[in-house]
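Chain order of the listed sequences is A and B. The working numbering puts the first residue of the first sequence at 1, with every later residue one more than the last. The working numbering puts the first residue of the second sequence at 1, with every later residue one more than the last.
Don't take each hint at face value.
Identical chains blur together in the list; that is why a pair holds if it fits in one copy or across any two.
Stated by the list, open to error - Think about it this way: if two alpha-carbon atoms lie no more than 35 Å apart in a straight line, the pair counts; the simulated DSBU-like pairs of lysine-lysine are:
(1) Lys20 to Lys144
(2) Lys192 to Lys144
(3) Lys192 to Lys357
(4) Lys112 to Lys321
(5) Lys112 to Lys357
(6) Lys321 to Lys349
None of these hints come from the bench; they were simulated from the model.
Number of protein chains: 2
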Amino acid sequence: MSLVVQKFGGTSLADAARIKAVADRVESTRREGHDVVVVVSAMGATTDQLVALAAEVSDDPSPREMDMLLSAGERISMALLSITLNSRGIPAVSFTGSQAGILTDSSHGSAKILDIQGTRVRDSLAQGRVVIVAGFQGVDPESKEITTLGRGGSDATAVALAAALGADSVEIYTDVDGVFTADPRMVSDAMKLEEIPFDEMLELSAGGAGVLMSRAVEFGRRYEVPIHVRSSFHDGEGTWVRESPMEQAIVSGIAHDRSEAKVTVNRVPDRPGVAAALFGSLAAAGVNIDMIVQNVSHDGSTDISFTVPRANLVDAERIAKQVAAEIDAESVDVDAEIAKVSLVGAGMKSHPGVAAKVFETLASAGINIEMISTSTIRISCVVRADDVEAAVQALHAAFDPPAIYEEVGA
Amino acid sequence: MSLVVQKFGGTSLADAARIKAVADRVESTRREGHDVVVVVSAMGATTDQLVALAAEVSDDPSPREMDMLLSAGERISMALLSITLNSRGIPAVSFTGSQAGILTDSSHGSAKILDIQGTRVRDSLAQGRVVIVAGFQGVDPESKEITTLGRGGSDATAVALAAALGADSVEIYTDVDGVFTADPRMVSDAMKLEEIPFDEMLELSAGGAGVLMSRAVEFGRRYEVPIHVRSSFHDGEGTWVRESPMEQAIVSGIAHDRSEAKVTVNRVPDRPGVAAALFGSLAAAGVNIDMIVQNVSHDGSTDISFTVPRANLVDAERIAKQVAAEIDAESVDVDAEIAKVSLVGAGMKSHPGVAAKVFETLASAGINIEMISTSTIRISCVVRADDVEAAVQALHAAFDPPAIYEEVGA
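Chain A extracted, bound-state conformation (with noise of 0.2 Å):
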């Protein structure tokens, strides 16, 4: 007997009959012989609404209890779901964040899971019922307040509790077939990966792959829960993401990013704790940076620029131009019209041609890079947003992901 952990989002959850096409889903498994875990989250646009309501009532509204808002939705859903199950004769049961022994530190919106509990869901799971979890909230077990996990909790949820309980597999439901080696909206002859090394998807997730966060990715590698990235409309495999002994890809995958926006403060003077002034300052703030570029200095100053969540641009500024002053920077530019552009690839370690090509071909394509940051997996390029798409499609018509034993740069 295995234990599946099973993670439906909002789309697939939108209304009365996705709720039933879930249960089928459920009940199939059960079948199957599995034990099941269901994690959810709140029902298709719930959350927008609520976060609508809560915005014609306040400018800046509480964070406590934007949380204790939030959580409704995922009660909401995960309930109907319970309720579906049960009158089908499948025993379950329903589980807040809080009764599935999910704590997290006390940052309302964007909690950390320090631990999970999961007594109830153990003595449901011995009662041979299915269990349902709220996703995307726990709750801080010093002050008992509720929280939730900010963007991606749910996916989140449903990795660390498949850890936590020890589970076979997680499977993470998607309007998706699974990770494609670029967007298929972008690139016609995209492909659907069977199978990414943990360390591979966090780079495409971190690129802006949206179909799995980055933090889910990461607690499936530290405790080794294989997942699962399949469509909810069909039964077919997605794609595993998972260690694997599998040849390495040189390239896998290429992600693109349009949420970011880039900020340059010119002429810094080159001394030391510069850098340390300036990003201290806007972690301070709970500004998220991506991308730093520094490059090497001339006639004793250098330009820094960066890249932030186009939502925290505002902010960026500000703490920007008020280090600006204070280091003797000479200005602070901003730009929202970019976009980034990523390959990943493990196998490009041991292939250093890999850069080359990548420039040589955006520059083929005309397309200008404006900034570039590179991991020993990952090559990323900041160029403008209307070249984004171009850019996808080069790389992917050059390196032809996933490309495995190809030789680039010969």
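Given the coordinates of chain A, work out where chain B should sit on it, guided by the hints.
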């Protein structure tokens, strides 16, 4: 410094504008120097919408999961009200029934409040906060399961919480101006009562006056918490429900109820135990009985009639027919086209002519009385449903409540 508990129903919280109006009310109460605890229902039609969703997925939803589902409603309204107050600089915090320590028995859908701990409520009040508590919901301390209190539950939460906290009074905000001598939609010269004792309010509530549910009145009486029933739309005084030294009215008001149906078991053998068999079986099936009438027997048999909520009629008929067969009764008749009209007034205890005047008044209006049931302060008559408006009007004209000092039946 006094403590006031204010309860707002779904209509008063139907949208963002109404929630802001409730916040105005809370703000002005605080400005008058009171500590405030607010008890809220779910917004507008939320509960009906959730019930409808459950009906889409199941004909027979799990009561445990229905409570999980419905308790999401108050979570939304309380968080939104708290967000509104906090954004105005009024420190506020919302608590679920469970967080407020509202301990109930385990009857999902119709739980009874056993105790209120209120630790977090008291602590937050001591910190100078407005405390917002979800009405209608609690937690079974043994199983840790969420429960709901059923019909009228939010009023009961408010009065019980006021009792537990030692509040000076509880204000029930509603869409009418207070408690009237009869339904103003039926009787144009119906008067708003300034004051009514708990006993009489209990009889009016039991007689169908929807403005305040019996359960809340019972808590008020038991713990001597004055209840102020008042309009959420203006500042005027409503009706105070409390023990009062005032001269007792002969007739305080007239209530009516169209929600019941009548069941008659014909020619029941007149021997000990038959009533016990009948009503024991009905109670075991959870059928609520209101009036019971059994007359003297002739020829060794009698007829037993009783009224039940129309929603219970199918169950009541089935059970009555089973029991009728077992006890050799002749037949069972059911009638859903009835209504009940009740005349309530503590003064009628000392005025024996009231009952006679009721029957004369209805007879003069050409209205047939099908069942009669009395208490020391109430006379209830079952009439045809079509006759109820005429009955209320005739009785109101004849008794002119609140009729103080007036001699009747003279």
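Taking the hints in turn, this is what the structure says about them:
no., hint, in the structure
1, Lys20 to Lys144, "both (34 Å within a copy, 28 Å between copies)"
2, Lys192 to Lys144, "neither (43 Å within a copy, 45 Å between copies)"
3, Lys192 to Lys357, "within (23 Å within a copy, 85 Å between copies)"
4, Lys112 to Lys321, "within (31 Å within a copy, 60 Å between copies)"
5, Lys112 to Lys357, "neither (39 Å within a copy, 72 Å between copies)"
6, Lys321 to Lys349, "neither (38 Å within a copy, 82 Å between copies)"
Going through the hint list in order, the structure does not satisfy hints 2, 5, 6.
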